Structures are given as C-alpha cells and as structure tokens.
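Chain by chain, the residues:
Protein chains: 2
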Amino acid sequence: MAVNKPSVPSGMRDFSPEQVLKRNYIFNTIEQVFQKYGFMPLQTPSMENIDTLTGKYGDEGDQLIYKVLNSRIHEAKEDKKTLMRNDFELMLEANSNSKNLVEKALRYDLTVPFARYVVMHRNDISFPFKRYQMQPVWRADRPQKGRFREFWQCDADVVGSDSLLNEVDLICIYAEVFQALHLDITIKMNNRKILHGLSEYIGVLDKQVELTVAIDKLDKIGKEGVLRELSEKGFNAAALAKTESVLNAEISLENLKELLVNSELGRTGIAEMESIFSLLTRLNLNIRIAFDVTLARGLNYYTGAIFEVVANNIQIGSIGGGGRYDDLTGIFGLPGVSGVGISFGLDRIYEVLEELQLFPKVEGNFTQLIFCCMDDEALRYALPLAQHCRQHNIKTELYPAATKLKKQLDYANSKKIGFAVIIGQEEMQSGLLAFKDLTSGEQQKIEVSEIIKLLVRS
Amino acid sequence: MAVNKPSVPSGMRDFSPEQVLKRNYIFNTIEQVFQKYGFMPLQTPSMENIDTLTGKYGDEGDQLIYKVLNSRIHEAKEDKKTLMRNDFELMLEANSNSKNLVEKALRYDLTVPFARYVVMHRNDISFPFKRYQMQPVWRADRPQKGRFREFWQCDADVVGSDSLLNEVDLICIYAEVFQALHLDITIKMNNRKILHGLSEYIGVLDKQVELTVAIDKLDKIGKEGVLRELSEKGFNAAALAKTESVLNAEISLENLKELLVNSELGRTGIAEMESIFSLLTRLNLNIRIAFDVTLARGLNYYTGAIFEVVANNIQIGSIGGGGRYDDLTGIFGLPGVSGVGISFGLDRIYEVLEELQLFPKVEGNFTQLIFCCMDDEALRYALPLAQHCRQHNIKTELYPAATKLKKQLDYANSKKIGFAVIIGQEEMQSGLLAFKDLTSGEQQKIEVSEIIKLLVRS
Numbered sequence: 331m332a333v334n335k336p337s338v339p340s341g342m343r344d345f346s347p348e349q350v351l352k353r354n355y356i357f358n359t360i361e362q363v364f365q366k367y368g369f370m371p372l373q374t375p376s377m378e379n380i381d382t383l384t385g386k387y388g389d390e391g392d393q394l395i396y397k398v399l400n401s402r403i404h405e406a407k408e409d410k411k412t413l414m415r416n417d418f419e420l421m422l423e424a425n426s427n428s429k430n431l432v433e434k435a436l437r438y439d440l441t442v443p444f445a446r447y448v449v450m451h452r453n454d455i456s457f458p459f460k461r462y463q464m465q466p467v468w469r470a471d472r473p474q475k476g477r478f479r480e481f482w483q484c485d486a487d488v489v490g491s492d493s494l495l496n497e498v499d500l501i502c503i504y505a506e507v508f509q510a511l512h513l514d515i516t517i518k519m520n521n522r523k524i525l526h527g528l529s530e531y532i533g534v535l536d537k538q539v540e541l542t543v544a545i546d547k548l549d550k551i552g553k554e555g556v557l558r559e560l561s562e563k564g565f566n567a568a569a570l571a572k573t574e575s576v577l578n579a580e581i582s583l584e585n586l587k588e589l590l591v592n593s594e595l596g597r598t599g600i601a602e603m604e605s606i607f608s609l610l611t612r613l614n615l616n617i618r619i620a621f622d623v624t625l626a627r628g629l630n631y632y633t634g635a636i637f638e639v640v641a642n643n644i645q646i647g648s649i650g651g652g653g654r655y656d657d658l659t660g661i662f663g664l665p666g667v668s669g670v671g672i673s674f675g676l677d678r679i680y681e682v683l684e685e686l687q688l689f690p691k692v693e694g695n696f697t698q699l700i701f702c703c704m705d706d707e708a709l710r711y712a713l714p715l716a717q718h719c720r721q722h723n724i725k726t727e728l729y730p731a732a733t734k735l736k737k738q739l740d741y742a743n744s745k746k747i748g749f750a751v752i753i754g755q756e757e758m759q760s761g762l763l764a765f766k767d768l769t770s771g772e773q774q775k776i777e778v779s780e781i782i783k784l785l786v787r788s
Numbered sequence: 331m332a333v334n335k336p337s338v339p340s341g342m343r344d345f346s347p348e349q350v351l352k353r354n355y356i357f358n359t360i361e362q363v364f365q366k367y368g369f370m371p372l373q374t375p376s377m378e379n380i381d382t383l384t385g386k387y388g389d390e391g392d393q394l395i396y397k398v399l400n401s402r403i404h405e406a407k408e409d410k411k412t413l414m415r416n417d418f419e420l421m422l423e424a425n426s427n428s429k430n431l432v433e434k435a436l437r438y439d440l441t442v443p444f445a446r447y448v449v450m451h452r453n454d455i456s457f458p459f460k461r462y463q464m465q466p467v468w469r470a471d472r473p474q475k476g477r478f479r480e481f482w483q484c485d486a487d488v489v490g491s492d493s494l495l496n497e498v499d500l501i502c503i504y505a506e507v508f509q510a511l512h513l514d515i516t517i518k519m520n521n522r523k524i525l526h527g528l529s530e531y532i533g534v535l536d537k538q539v540e541l542t543v544a545i546d547k548l549d550k551i552g553k554e555g556v557l558r559e560l561s562e563k564g565f566n567a568a569a570l571a572k573t574e575s576v577l578n579a580e581i582s583l584e585n586l587k588e589l590l591v592n593s594e595l596g597r598t599g600i601a602e603m604e605s606i607f608s609l610l611t612r613l614n615l616n617i618r619i620a621f622d623v624t625l626a627r628g629l630n631y632y633t634g635a636i637f638e639v640v641a642n643n644i645q646i647g648s649i650g651g652g653g654r655y656d657d658l659t660g661i662f663g664l665p666g667v668s669g670v671g672i673s674f675g676l677d678r679i680y681e682v683l684e685e686l687q688l689f690p691k692v693e694g695n696f697t698q699l700i701f702c703c704m705d706d707e708a709l710r711y712a713l714p715l716a717q718h719c720r721q722h723n724i725k726t727e728l729y730p731a732a733t734k735l736k737k738q739l740d741y742a743n744s745k746k747i748g749f750a751v752i753i754g755q756e757e758m759q760s761g762l763l764a765f766k767d768l769t770s771g772e773q774q775k776i777e778v779s780e781i782i783k784l785l786v787r788s
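As you go down the protein sequences, you meet chains A and B in turn. Our numbering puts the first sequence at residues 331 to 788. Our numbering puts the second sequence at residues 331 to 788.
Chain A with its partners taken away, still in its complex shape:
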C-alpha cells in the first residue's frame, strides 16, 4: 500500500491534551452557570435530514451546508441509478438536493435542530423550556484566522415565554460566566423594535432589512461605508442625513424617546429596554452594560432585544451574542413560540484567555506522581504502591520499563509531572523511597504513607 502523508482537512483541527483541558475549562464554566439558572442540557444528532436544514439559512448559508452522500449507491437498481444520474446533473447545475443521492446533512447551527426538537417533543416539554446545547457545527466556509469548518457553539435558549425576566437571566449568565473566567466585558444591547422605529423615523420602513444589514457592518466599514451602502440601496439624501445623525453609539434611550415618538413599535422597544435596565438595577452585576443603538446583529429572525458581548481589553470582535425571536418553530408547523437565546463564541473566548494569559494551570488534570524503577524487581515492587496511591485519588503513573533514569525523568518532565518516586535495591530493602520534587529538585527518603499525605494535601 502506498504510504499516505497524513494531514487533517482544511479548517478542521486536532486538539492536543492541553488544548482539550483548556477548552473543557471554558465549557465547564459555562455549563455550571447554565445549570445554576435552571437550563438543562440537550444534544441532537450530528446529521439532520437534509430537508430540516435547507432553506433555513438563506441562499449563502445553504451553500455552506455539508451534505452526506447516501451509502451503497452502487448497489442500487439500474432504474434508481438513472434517477441518480439525473439528480446529479441537477446538482452540477445548481445547489440542489436529491434524496436519491443525499438524504442527510451535517448540523449547521444549534438553533434549527433545537426548533426541530421542540416541535417533535412539544407534548412532553414543559414550557418555558430552558435548554443549553454545546456541540460542534460544520460549515463549508473559506477557512481563515479564527474561522473554522468545524467549530463549537454553546447556546442557551428559553422558549415559550415572552417575559423580559428571561432577558435579564441571560444577561446575568453572561455576567457570571465572564466573571468566572476573569474576563472584563461589556454587554451591548439594543432592540429590533427600536431599529424598526428608526426606519420609520428615517422614512425607509420598506428598507428595514437593508438598514439593519448595513448598520451591522458599522464596526467593519465605518460610518462612511454604511452610508455608501445605503445610498446604493436607494436611500435619498434626507434619509442618509437622518441615518448619519442616529449612527451614534452615544444616543441614549431618552434621546430616542423624542426621535421615535411617532413609532408605536419603536416606543414599545424603548419601553422593553427601560424595563430590562430597571430590572437590572435591582442586581449588582459587576460588568458594563451599555445601550447601543448601532448594534444590529445580522440574523434576520431577531424581533426584540439583542445582545452582544465584547471583551474590554482586547480587539477581537464579539465573543457572544443573542436576542429574542418571535417565531422559532413556525417553519416546522408550530407557530407562536417566542424565545430568547444567547450564544458563547468558544474559539474567540479561547483566544482571548490565551492572549491575556487568563487560563488557570491545567496541571490539576495531569499526573501528580510517577514511579521510576531501576530494575524489574523494583517494577513488581512498585506496582501495588502505585495502585495504593491511586486509591487515595493521586493521579499516578508507573513508568512501564526499567530503562535509564534520565529517560524516565525526561518523560516525567514532558508530562509536567510534579513528583517522582525512584526505587532501586536500597529502597526495597529499607522501605524508604526516594521521593523527588521535580520542580525544585529536592529529594527526601520517606515511606509511601508519607508521600500520600504530602500529595493528598497539596
């Protein structure tokens, strides 16, 4: 057989032990807070029926869905193969699907599978249903720095309740997670109803989506870029002037009350924001929360409050976001289920914690103690001692061969093992073991019971 030079697919990653432990630190922190607020875990399959996914993410999104080829197509009968050939021609012409060739596709986000789950289990679920989900998703996007084809989403949603207390809970979750991660953040907030009101004020009610999409790019393309894009979309000079006047993160809810006095939905949006802020004043959250009328969030399904989290001391874009949507499950035949959700950007949070050196030492998961033996008799002698240490919950290895001590200690160092016990003839006779602190280099001769006491304590 020809020997492959192995690699991983573009945009996908192996995670080394240290990376897994650091990622788990983030996952576990988020999960504990989710559970503290009454959210329960849900997991859905990696694959969904292709109909479940297509048509939910827009044309561009549809192109990014990974499709899984039906298996054993070569075993099909000839007439079925004819259908396959026809369907294949259609797939070569456009981004079409064919049940004859492709029945399943890989999860593109966690929201659509969640909606599908809620509809399937509508009769078993108690609403409000509060679930979290932390699973990988796949997108055939062009890989670039910080953008992967396999990446993890961490979502929490409440569906079946339109109470603004849910928004408050989700803000508290953000605050508590990032406090636990020692990360200084700002939560930006806005409301789609206010953006609706703005489009009324500007006089472009029919171009609301264009306005939202353009404002969403403010960070990237600047005020001039936004205005240029809106001009191209047909905004006239008066509309552009009004837009320019409101493209200002400093505008307060008080200012907006005057501007949006004639927009009913706009007034509702302001009232919602005031309610949320009023509720938040009852809590002492140790984070910055800022109303920002220029926050738009790209996803079209948001209809109420929207959130975005940015880290304060580092330029990296948002590390979380979310909002309220009025109709999550209508696409699957269950209309009128309102919900609100947030998402954590795991990969970006990882990058921020790495850059600001905020990861705790993950050595707690590493081996604490290694037994190094000078001969085979010592190995047999050490085996029950190592087991004894493990019974006291000390993470323990017995180096499995009596090779040169240097080689054994090199192995210990490479695994960041803190302590070594070195056993030769003398130690077996006396029962006093050479116990070495591999950080300081200090060594003492003590009994195994002493070693256990030292390590259980440390």
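These aren't lab readings, by the way, just hints derived from the structure by calculation. Some hints here could point you the wrong way.
[Stated by the list, open to error] Derived lysine to aspartate or glutamate pairs resembling EDC-like cross-links, with alpha carbons at most 20 Å apart:
1. 411(A) <-> 419(B)
2. 736(A) <-> 454(B)
3. 335(A) <-> 657(B)
4. 386(B) <-> 433(B)
[What the hints assert, rightly or not] Rough simulated footprint, nothing fancy, chain B against chain A, three-plus residues with beta-carbon under 8 Å:
5. 397-404
6. 409-419
7. 498-504
8. 557-564
Just so it is clear, the structure is predicted and the values come from calculations on it, not from any experiment. Yeah, the Cβ is synthetic: ideal placement off N, Cα and C, and Gly gets one too.
With chain A held as given, fit chain B onto it using these hints.
Then chain B, alone, in the frame of chain A:
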C-alpha cells in the same frame, strides 16, 4: 413554504436532558479513572481526508464510511464537471472514491485518527504516549436494537511501550471504572499468540485468520456453527476434531502448555499471560478475571493480549474490549510502534445501568429552588433574592411570569425541582417567605437567609 413533519435520521438520536446527564455520569466516571492512570485527552476532527480512512477497515467497513460531498460542485468549470461525471459513473459501479466529488469522510472509529495523529506529531510526543478519546463515530450500518449510526466510543491506548505493565494498568482501569459504576463484571482474557499456537497445534497455520474469525462467533453460533464454518473453509476431519477439543473455555494455561509445547509463539503467549496474571496477584482487584481460550476478538490488528468485558448479571454481550497491536502507525509510514488499548461500549453500559437501575439520581444537576410570584411586584421583589441564592451556588429559577400558582408548581414538578418559594403581598410586607418542600408538601414561613442555609446544607 411547505411545513415539514420533523424527524431525525434513522439510527441517530436526540438526547433529552435526563439522558445527557446520565450519559455524562458514565463519561465522567471513565474520564476520571483514565486521568488517574496518567492518560490525557485527545480530540480529532469529525472529518478526515478520505484517504486517511479508506482501506483501513476491510471491504465491508469501507462501505460503511459516510462520505461528505464536496461543496459548491455546481460552481466548478465545465472540464472539472466532466471529471466529476466520469467519477460519478465509477461510484455508481463500485464503492470507489473520487477527489473531484468526495474529499472528506466522517470518523469511523477513534483508532485510525489516533494513529494519524501520532504520526503527524511523532516529534512532539513523549513515548509511551497515553491518550484517551471519547467522541462520536459514524457508520452507515443497518440500524437495529442497540446499534446506531452515530455512537460514542471511549478509548484509552498506550503506544510506544511493549511492557506488559500497560496491560495490567488497563485491566485496573476496567476494574476501577466498573466498580465506580457499581457494575459486577468479568474480564475475559486471551492472547493472539496463543491462538496462533493453536493453529499450529491443529495443523492449520495457513488458516489462522479463518480460525480466529470462526472462534469469535462461538457465542452467537455455538460450537457446531464454528465447526461447520471451519469445515466449509477446508478444515479436514483431524483438524476439526482437534479444534473441537480446544473450543472449551475451561482449558487452563497449564493445559495449553502441553498442547502448545511445539509452538514457539504459543509458548510466548502463555508466558505473557502468566506474567500478566502474576502481576495482577500483587493487586487486590475486586473483579473476576478469567483466561478464556475461546476469546478471539474480531479485529485483525491484534497481535498479543486481548480483553473482553462482560456484565455478570445481565445478558447483553460485551461492554468493553481491547488488546495489543504490534503496528498501529505503519499504514501512515511510522513502523514499529507497538501499543495496547481498551474501549468502553457506552451505549451498552447505559442500557445495563438502566436495566439494573444503577444510575444515581441525576437530580443533583436539576434546579433546586424555584421562586413563584403572585404578581408583578412580587417578581421584581424576587429577582434579587433568586440571584442571592445563586450566589450561594443554589440552582435557582424565577418563574418568569405571575401566572396561576398551579401552573407554576406544575412546571416545578415537571422539572423535579425540590423546593419552591411563593411570594405574594403578605410575604413582601413581612419578609417571611412561604418555603415549600415540593416532595413532602410541607410549608413554612422563613427568611431567605434561612432558606439558603437549608439548601446549601442539603
């Protein structure tokens, strides 16, 4: 848009909150033991380059690999499309691959990606390399009871060491995990070198694979079935008679010493088993470990000790297995890396724990306390109280609307919440809250500080 009646793909599963928590109980138990023995976590991508996977699992295995269609094939140039058409015809004829259509495939097991990782990172890894991996794999197999198309494997392997102490460590891991799960098990052991010796003894050295494959089916098709299959494979009467005489789980290593006296490899296998058993006598493992010459394990790459775990009080087949292989990474250009590994059958373990009612209560992860409010003022009053309870690590919900108390308590019951605080005008005036034990129905009026004391203690 037409409304879909949603479903999940055949052989794939949603996991409800309770199922996720129960599965995590198993994962966490296994993971803690893995780490206690110095194994470190590794994760590989869900997709591999298709060349990495094909040709590694036999013809039947190759058919079960899920292939991922290249994206945006409709955007290819016409000459590339001609190549695709040709390749597609080849795929309709046989289980062939085509880089033009399919570059990636879904992980089929954890062993091949692990081998690929070891070869890619050979210069960064300290050997012996001890890793564990707990991730889903996908197989386009026919779904049936207990067999899924997406399922989880939990593997631990040591590579780069041929010491039998590694086999002993892995047996200890099995013992400790199943003890922690309160599951009574037997570990069956055999050695491929002994099976080699048997084929010499029987006089079918050239039909070793056939012998192993047939013996592997003993549980399913019985002694007669095995002999019939071997007869069809060309075993003569003398060979069949000898085979029948050794197809006996009661045969001891002592018996085999006589039978295999002329087989060098057979004698080595016996010596290995004796070493392992001798080392095990130094430990007091609280499980049954039994040599079983009829244990074969299907996978062809095993070359030394093989293990299989069965639960003692339930008929369900093996819940774990593994063995030693001499050349894991040769297929990727790095020969001579010996290793030994074990695997846990998560889905079967789940079934056994469920059937024997051995799962601990997972309510520890559920909400402990819910605040139920009689009016909107009470909701505002309760918000900081709920937050205060969370600051004391009590999993707390505030029912987000002042609906009928019965509805709120029904919600609490459906989520198995243990305690409720009910707040109306009277409670707000007195500061004494109605605190209800939802299991016993008992209710008392106490301050929130008392509630916290009660729940932190419980």
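Outcome of the hint check:
1. 411(A) <-> 419(B): Roughly 10 Å between the alpha carbons, so the hint for residue 411(A) and residue 419(B) holds.
2. 736(A) <-> 454(B): holds, 18 Å
3. 335(A) <-> 657(B): This hinted pair holds, its Cα atoms lying about 17 Å apart.
4. 386(B) <-> 433(B): This hinted pair holds, its Cα atoms lying about 16 Å apart.
5. 397-404: holds (count 7)
6. 409-419: This one holds; 4 residues, not fewer than the three required, reach chain B with a Cβ under 8 Å.
7. 498-504: holds (count 3)
8. 557-564: Violated, because only 0 residues of the region 557-564 of chain A bring their Cβ atoms closer than 8 Å to Cβ atoms of chain B.
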